[in-house]
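Participant: Sequence:
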Amino acid sequence: MTNNPYDIKDNLSLQINKYADRCITNSCIDPDLYDKYNVKRGLREKGGTGVLTGLTEIGDVHSFDVVDGVSVPCKGQLFYRGIDIKEIVHGFIAENRFGFEEVTYLLLFGELPNKKRLENFNNVLAEYRTLPTSFVRDIIMKATSSDMMNQLARCVLSLYSWDDNPDDTSIPNVVRQSLSLIARIPLISVYSYHAMRHYHHGEDLHIINPDPQLSTAENILRLLRPNSSYTDLEAKILDLALVLHAEHGGGNNSTFTTHVVSSSGTDTYSAIAASLGSLKGPRHGGANIKVKHMFDNMKETVDDWNDDDEIKSYLKGILDKRLYDKSGLIYGIGHAVYAISDPRAELLKEFTKKLAVAKGRTDELKLYENVERIAPEVISKSHKRTKSVSANVDFYSGFIYSMLGLPDELYTPMFAAARMAGWSAHRIEEIINAGKIIRPAYKNVAKKENYIPLNKR
Numbered sequence: 001m002t003n004n005p006y007d008i009k010d011n012l013s014l015q016i017n018k019y020a021d022r023c024i025t026n027s028c029i030d031p032d033l034y035d036k037y038n039v040k041r042g043l044r045e046k047g048g049t050g051v052l053t054g055l056t057e058i059g060d061v062h063s064f065d066v067v068d069g070v071s072v073p074c075k076g077q078l079f080y081r082g083i084d085i086k087e088i089v090h091g092f093i094a095e096n097r098f099g100f101e102e103v104t105y106l107l108l109f110g111e112l113p114n115k116k117r118l119e120n121f122n123n124v125l126a127e128y129r130t131l132p133t134s135f136v137r138d139i140i141m142k143a144t145s146s147d148m149m150n151q152l153a154r155c156v157l158s159l160y161s162w163d164d165n166p167d168d169t170s171i172p173n174v175v176r177q178s179l180s181l182i183a184r185i186p187l188i189s190v191y192s193y194h195a196m197r198h199y200h201h202g203e204d205l206h207i208i209n210p211d212p213q214l215s216t217a218e219n220i221l222r223l224l225r226p227n228s229s230y231t232d233l234e235a236k237i238l239d240l241a242l243v244l245h246a247e248h249g250g251g252n253n254s255t256f257t258t259h260v261v262s263s264s265g266t267d268t269y270s271a272i273a274a275s276l277g278s279l280k281g282p283r284h285g286g287a288n289i290k291v292k293h294m295f296d297n298m299k300e301t302v303d304d305w306n307d308d309d310e311i312k313s314y315l316k317g318i319l320d321k322r323l324y325d326k327s328g329l330i331y332g333i334g335h336a337v338y339a340i341s342d343p344r345a346e347l348l349k350e351f352t353k354k355l356a357v358a359k360g361r362t363d364e365l366k367l368y369e370n371v372e373r374i375a376p377e378v379i380s381k382s383h384k385r386t387k388s389v390s391a392n393v394d395f396y397s398g399f400i401y402s403m404l405g406l407p408d409e410l411y412t413p414m415f416a417a418a419r420m421a422g423w424s425a426h427r428i429e430e431i432i433n434a435g436k437i438i439r440p441a442y443k444n445v446a447k448k449e450n451y452i453p454l455n456k457r
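Position one of the sequence shown corresponds to residue 1 (my numbering), numbered consecutively onward.
Source of the hints: derived by calculation from the structure; they are not laboratory data. Ideal Cβ placement from N, Cα and C applies to all residues, glycine included. Some clues are possibly wrong.
FRET-style restraints, in silico, Cβ to Cβ [unchecked claim]:
1) D304 to K359: 19 to 25 Å
2) G360 to T169: 49 to 55 Å
3) H62 to T231: 31 to 37 Å
4) A446 to G47: 28 to 34 Å
5) D68 to G48: 16 to 22 Å
6) W162 to I8: 38 to 44 Å
7) N123 to T49: 40 to 46 Å
8) A446 to H206: 51 to 57 Å
Let the sequences and hints guide you as you build the complete structure.
Facilitator: What follows is the structure in structure tokens.
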């Protein structure tokens, strides 16, 4: 056996590759068997709708009407506790208020707060908008990570150790834990980013205390920027993004994860860490950064951002797996539920224009609008599909974050900071309506084999 560490490393890598080959050889299932046994892959029906696995009163997505027994796609609608999200957004914007705290109250407690209750709720969040003594030093700074979602999950799990009653799943205790996490995740995200930039890139370290008088969106910008300055428009648009990402029904991957893990009776910190792991995936919460990077590549590749033919050629190159990340996906276009339109994308686009004008980036906005218009046609022709596709919430959110100066590393944590409201509401709902532990079935299709003694293999 060699003692050369480089040889050992090479041999280990070679062995791992052999193990991987065996995994691939012995783990591939015949695709025809999924049809034979009527397996709902991805918990989806053949038409793309989700398999019904539970009931909820929190969020509802409406994307089709049933006409004469046939599902017909319609303009998408999103409801929080039965109220259309467009009504909610236009309501607090018309009154020149921030909306995330109001929406969080609505999702958690099932009703809109009056002025006094909203003030009290803001005060409660402000009270929890702090971290335990030495947490920043001992947890965030001593083990920095280049990935903010992994860091966020680690920090959430670490908070278990600072909780005097972490395993109690009574509703009052879970509400307390939920409110503390809703208030703390924005802090942890921004502080973790600053720590990473300091230790890995030699930048100045800025740890700024939140202001109890400010909203969640205002505090995020205050903590992120060294001079703590921001405009009212910037804060209001970030607040809108938080509102639109706060909830999306019980069937999305991370919220379903919240239900699954909560059904086991585990603690709040473990349930939320699992949900964070789900949201990190590029097929879920990580999609917004993929949109941004795709457009970065497009801006370098496409010479004339107003030339439809050139844009079509680029998008066709993506679908043919020749351009960008060669995945064949035009990120930000299409959704598992929405077909004709995503109401969140429509609302974001409405306010993206104001920010693009303020930031002098209307040329980029025009490129986004051109892609939004052209991509569905290119996808339809390339894939010969009849189902409509449209821009989803990730299409404009990445552009908004870019104009706000949010670093790429914080795109998905901002999604998590918003979705904590929905996850918490669903966790509470799962506990209150506790039934059986969620345990779907998997059919084993392996052939039965006899054990072979080691000396005869």
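Participant: Confirm or reject each hint.
Facilitator: Against the structure, the hints:
{"no.": "1", "hint": "D304 to K359: 19 to 25 Å", "verdict": "holds, 22 Å"}
{"no.": "2", "hint": "G360 to T169: 49 to 55 Å", "verdict": "holds, 51 Å"}
{"no.": "3", "hint": "H62 to T231: 31 to 37 Å", "verdict": "holds, 35 Å"}
{"no.": "4", "hint": "A446 to G47: 28 to 34 Å", "verdict": "holds, 30 Å"}
{"no.": "5", "hint": "D68 to G48: 16 to 22 Å", "verdict": "holds, 20 Å"}
{"no.": "6", "hint": "W162 to I8: 38 to 44 Å", "verdict": "holds, 41 Å"}
{"no.": "7", "hint": "N123 to T49: 40 to 46 Å", "verdict": "holds, 42 Å"}
{"no.": "8", "hint": "A446 to H206: 51 to 57 Å", "verdict": "holds, 55 Å"}
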